[in-house]
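So the sequence lines, in the order shown, correspond to chains A and B. Using this note's numbering, the letters of the first sequence correspond one by one to residues 233 to 1098. Using this note's numbering, the letters of the second sequence correspond one by one to residues 9 to 236.
Calculated directly from the structure, the hints in this document are not laboratory data. Don't be surprised by glycine CBs; every beta carbon is placed ideally from N, CA and C. Treat the hints with caution; some may be incorrect.
What the hints assert, rightly or not - Sample of chain B residues lacking proximity to chain A, with all beta carbon distances greater than 10 Å (derived):
hint, residue
1, S29
2, A68
3, E125
4, A203
As the list claims (entries may be wrong) - In silico SDA-like cross-links for lysine to any residue, where the CA-CA straight-line distance does not exceed 25 Å:
hint, chain 1, residue 1, chain 2, residue 2
5, A, K485, A, E891
6, B, K150, A, L267
7, A, K640, B, N45
8, A, K640, B, G47
Claimed, not checked - If the Cβ cut is set under 8 Å, some of the chain A residues that face chain B in the computed set are:
hint, residue
9, A960
10, A963
11, L1011
12, A1013
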Amino acid sequence: MHSSTPSSRPSGIPTWALAWTRDWSLAWTLAWRELRAEFSNRLRGFRIFLICLFLGVATIAAVGSLSAALTAGLEADGAKLLGGDIDLRLLHRQASAEQKAYLKANSQAYSEVIKMRAMARPVDQRDKRAMVELKAVDQAYPLIGDLTTKPQRPLTDLLRKQNGLFGVVVDGNLLARLGLDVGARIKLGAATYQIRATVVTEPDRVASVFSFGPRFLVSTASLAATELIQPGSQIRYHHRLTLTPGTDQEQWKNDLATALPKAGWRVRTTTDAAPNVRRFIERMTLFLSFVGLTVLLVGGLGITGAVKSYLNARIASIATFKCLGAPGDLVFKIYMIQILTLGLVGVIGGIVIGGVGPMILFSLIGEQLPIQPVGGLFPTPLLLAAGFGLLSSTTFAIWPIASACQVKPASLFRSKIAPINTGPTWTYRIYTGVGVLLLATLCIWSANDRFFAYWFVGGSVLTLSLLRFGAALVMRGAARLTPPANALWRLAQANLHRPGAATPGIIVSMGLGLTVLVAIALIEGNLKQQISERLPDKAPAFFFVDIQPDQVETFDKAVTGVDGTSGFQRVPTLRGRIIKIAGIAVEKANVPSESQWATRGDRALTFATEKPRQSKVVKGTWWPADYQGPPLISLDAGLARGFGIDLGDTLTFNILGREITATIGNLREINWHSLRFDFAIIFAPGTLEGAPFTHIAAVEADRTIEDAVEKAATDPFPNISAIRVRDALEAAAKMLVGISAAITGTAALTIIAGAVVLAGVIASEHQRRVYDAVVFKVLGASRRRILGVYLLEYGLLGLLTGVISASIGTVTGWAVVRFLMHAEWAFLGDVVAYTLIICVSVIVTAGLISTWQALGQKASVHLRNE
Amino acid sequence: MPLAPSDPILALTDVHLDLNSDAGPVHILRGIDLEVNHGETIGVIGPSGSGKTSLLMVIAGLEPATGGTVTAAGQDITTLDEVQLTRFRRDHVGIVFQSFHLVPTMSALENVALPLEFAGKEHAFERARDHLEAVGLGKRAKHYPGQLSGGEQQRVALARAFAAEPAILLADEPTGSLDQDTGHEIMSLLFDLQARVGTTMILVTHAPDLAGRCGRIVKIADGRVAGD
């Protein structure tokens, strides 16, 4: 026999380091021995664990990779989408000769593009008309990328004057809408064009579902003949340029600001070529990531359940380890190493699918996307998903492992070792808490909007607590209810609350996914109803833009003269940009995300003597009708709160190149739901009247007279554009369908994850079901009767889970619609009914599959074993 | 405190064990006094529910005595905390169970090596192999418990219990799950190993003939020593 000496200590290594190394090395050895058996068993005991982890990680990785690919695509095509290295945009006016000279002198190539909305009419069919997105280009267009047309010819050829007519290139759908072909003549303003080709691809246009009209591409030289260039018209002048290679764009911007500080243009570089698209991608990423995290959270419950089941099967081994002298923390390490190793398997599977999945998706539908995504693997979202996966598998495994470590080795002296029902020690409870905190921190840190991330984390904790509370209420209620006389009901009721009942497991696992689904379905349903039903009822039929001051009188008469019109409103307007808040430059001001819309670009401004009827002055007083003092404004109270300013503070605007600083005279609460004209910023008389402004108008009209109204408003006034609200709302509804399909599709994963966890919960109590069924059979219960008990039990559980989830989901949906979206709320009973049907069906089906197997077991086998 | 050769290896003084149940406290041990010397073999007999197994648990530090003192291998184990008790078992106690309690995911060799690995002993596997050879299972070293018969599993359990050459060996009905012939083989092996290692053995059994093979018989009844 060998001597019983402990391992000798190599010199120079501290004792603690040696003990630490020995401890971990032993833990790894023993963990691997257990894992070896699991692998040879094809990880049968860990399938629920792996599926849960895989689903969550794959969703987060896929959403992150999709977002990264699209953002990279946006950045790669930045110059193309922008139409140059730099784009300088002015509203209502062109750059001055001096400014143009500077731009030309400091660039490699220079181009001017003019954009506006206008009404186009076929020359030969006077009853048809359509609003178009007019784009007038010079000969240098496009500076970057290629415009492809059908037929393909040089753009200058297509647009030049031939036989007395300028050419136009249009979107194919305009031809379909107006019943025209290439070669037909079309009128825009006062000018007549000949359609020479259709646009196939336009390098500087981001495809969008939501657009006011099809493209109408003409030469700048032809624009004067249209007579659309009127003072104050909503015209956007783009001055684009390319820089000599190696020029630092930021430095160039700084030099420009120094050379021409008061130009008032919006300057964009290739890094922010399409900010709206970028914002859209970021928002979608945020919400889809939250759904992915919910999948992981639901999966986390599955992880806890799966680890608990695994350890319950190993409780004798754990007790034996302890009996043979393994301390509790060594046992904890042995099983945590196993969970982390298997977690790594699930995480790797998840990031592989999450990373490769989007590439496959792009190869299938890449052409249909608004921007061309960049293919490849993106390490950052994959690492983040892996981080979430490993952290959640660790956090959700601490509790069951530490609980299992509490097993008393003395239990080995008993014939049957009971599953562990006690919680872990305080140390491990603290570790779990730290894990949850780290998960929440990672969630908040990685979100592109902290505000929503805080709400998500808080909401998740609250929802889980409510579901757990709901489950406790159900169990307590079932225990306290007088047992019914009917044996079937009595057994089903007892099964809901007896020790070890699946009630909390099922309610929490299915409930979380269902709550998310109900909330999303209700929010989506409300938005849909808002856009397709409520808004069309309240909204005017038309908005008219670019009404010149000298056209006002005749325009009003023409529109209100059409029989059946009502609610006509008209206000003056011009656009300007907020450049300073209380004297601080906007770029340096700390503006919260919910108020940034006001500082993002040019805002519609107006001036008025009277307060708009639908808004209420909540601070300060409205100015007298004959006010003629220094610039004074009335500001939306919500915006004032966001900006952190109050009465007496100032806002500085750039309006047509002029800086105007105005003092806040009063604050208004605006009812945006009224759909009447209102403005966040209204100037007092005496400041803007001298500027070149136009009027906008709105009118209500029945669908049957819409054509007549459009004709009356635009035929005599070629420069005025009529926006059909119904068309815009339909476009918005169409866009919503796409977005909601993506969100609902991802949200359905929470239900799949919930169903997997549910399967785990039901599987974990399968043995008990088998035993019960055997005893019932021996005592004379028919198979039908036993099935009836289980059917009733699972049906009740499904119904209760559905009711609890629907309640929490409804409150969540209501809160989001009312307080986050500031929209009207309607309870949609059908959505809740579908939820209940889904819930009862899934739970009853899963339960019955397990029960059916239990009923098929021979009683004799189990009784002998016992 | 170092243990002199003349000191008893195990001394129980007025040991009580009360367990709480829904129906109120249950008095399992009611004042046990027992001294055991080095190398002694003791057969503990008594009717079911008399407290035999509980006595083993108290000696192993698996169930804390609610009264009295238990001095084992020179330590008063009633004063030790959970971690110290684990070390105490690792260094001084071997246990053989009626249900073997081998780790099903580990081979026979790995099961035997476990206590040596926990104790950080060198050459754990070589020594475990020697112990397996000693119980006649050298050729079954790579077999898993599921591939062994009941008798073979109990042999592995014996090899594991003796692997760290403990000062005290506790055996709880080691033949209770085996047929008579196999049971006899196991008992012979147990006594052989005990003699070879020189360990002190306390054997709980229902069978008077097995107890009779021990040097001393202690009879337990109603939680008390009824005969020694």
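Item to check | Given as non-interface: S29(B), partner chain A, CB spacing beyond 10 Å | outcome: The assertion about S29(B) holds, with a minimum of 14 Å to chain A.
Next on the checklist: Does G47(B) sit within 25 Å of K640(A), going by the straight-line distance between their CA atoms?
Outcome noted: 29 Å, violated
Checklist entry - Against chain B, is A960(A) within 8 Å by beta-carbon distance? => result 66 Å, violated
Item to check | Holds or violated: K485(A) to E891(A), with C-alpha atoms at most 25 Å apart | outcome: Holds. K485(A) to E891(A) sits at ~20 Å (cutoff 25 Å).
Item to check | Hint consistency between K150(B) and L267(A) [alpha-carbon to alpha-carbon, up to 25 Å] | outcome: The hint holds at about 17 Å.
Next on the checklist: So E125(B) supposedly isn't at the interface. Is its beta-carbon more than 10 Å from every beta-carbon in chain A?
Outcome noted: About 6 Å separates E125(B) from the closest Cβ of chain A, which leaves it inside 10 Å; violated.
Checklist entry - Should the hint that A963(A) touches chain B count as held when the rule is a Cβ pair under 8 Å? => result Constraint on A963(A) not satisfied, violated at 62 Å.
Next on the checklist: Would the hint linking K640(A) and N45(B) be met if the CA-CA limit is 25 Å?
Outcome noted: Between K640(A) and N45(B) the Cα gap is close to 28 Å, so the pair fails against 25 Å, i.e. violated.
Item to check | chain A versus A203(B) - minimum CB to CB distance exceeding 10 Å, so not interface | outcome: Holds, since 14 Å exceeds 10 Å.
Item to check | Hint status (Cβ of A1013(A) to nearest Cβ of chain B, threshold 8 Å) | outcome: 29 Å, violated
Item to check | Residue hint L1011(A), partner chain B, criterion CB-CB below 8 Å | outcome: 26 Å, violated
Checklist entry - Beyond 10 Å from chain A, beta-carbon-wise, is A68(B)? => result A68(B) is in fact no farther than 10 Å from some Cβ atom of chain A, at 8 Å.
The structure fails hints 2, 3, 7, 8, 9, 10, 11 and 12 (numbered hints given earlier, in ascending order).
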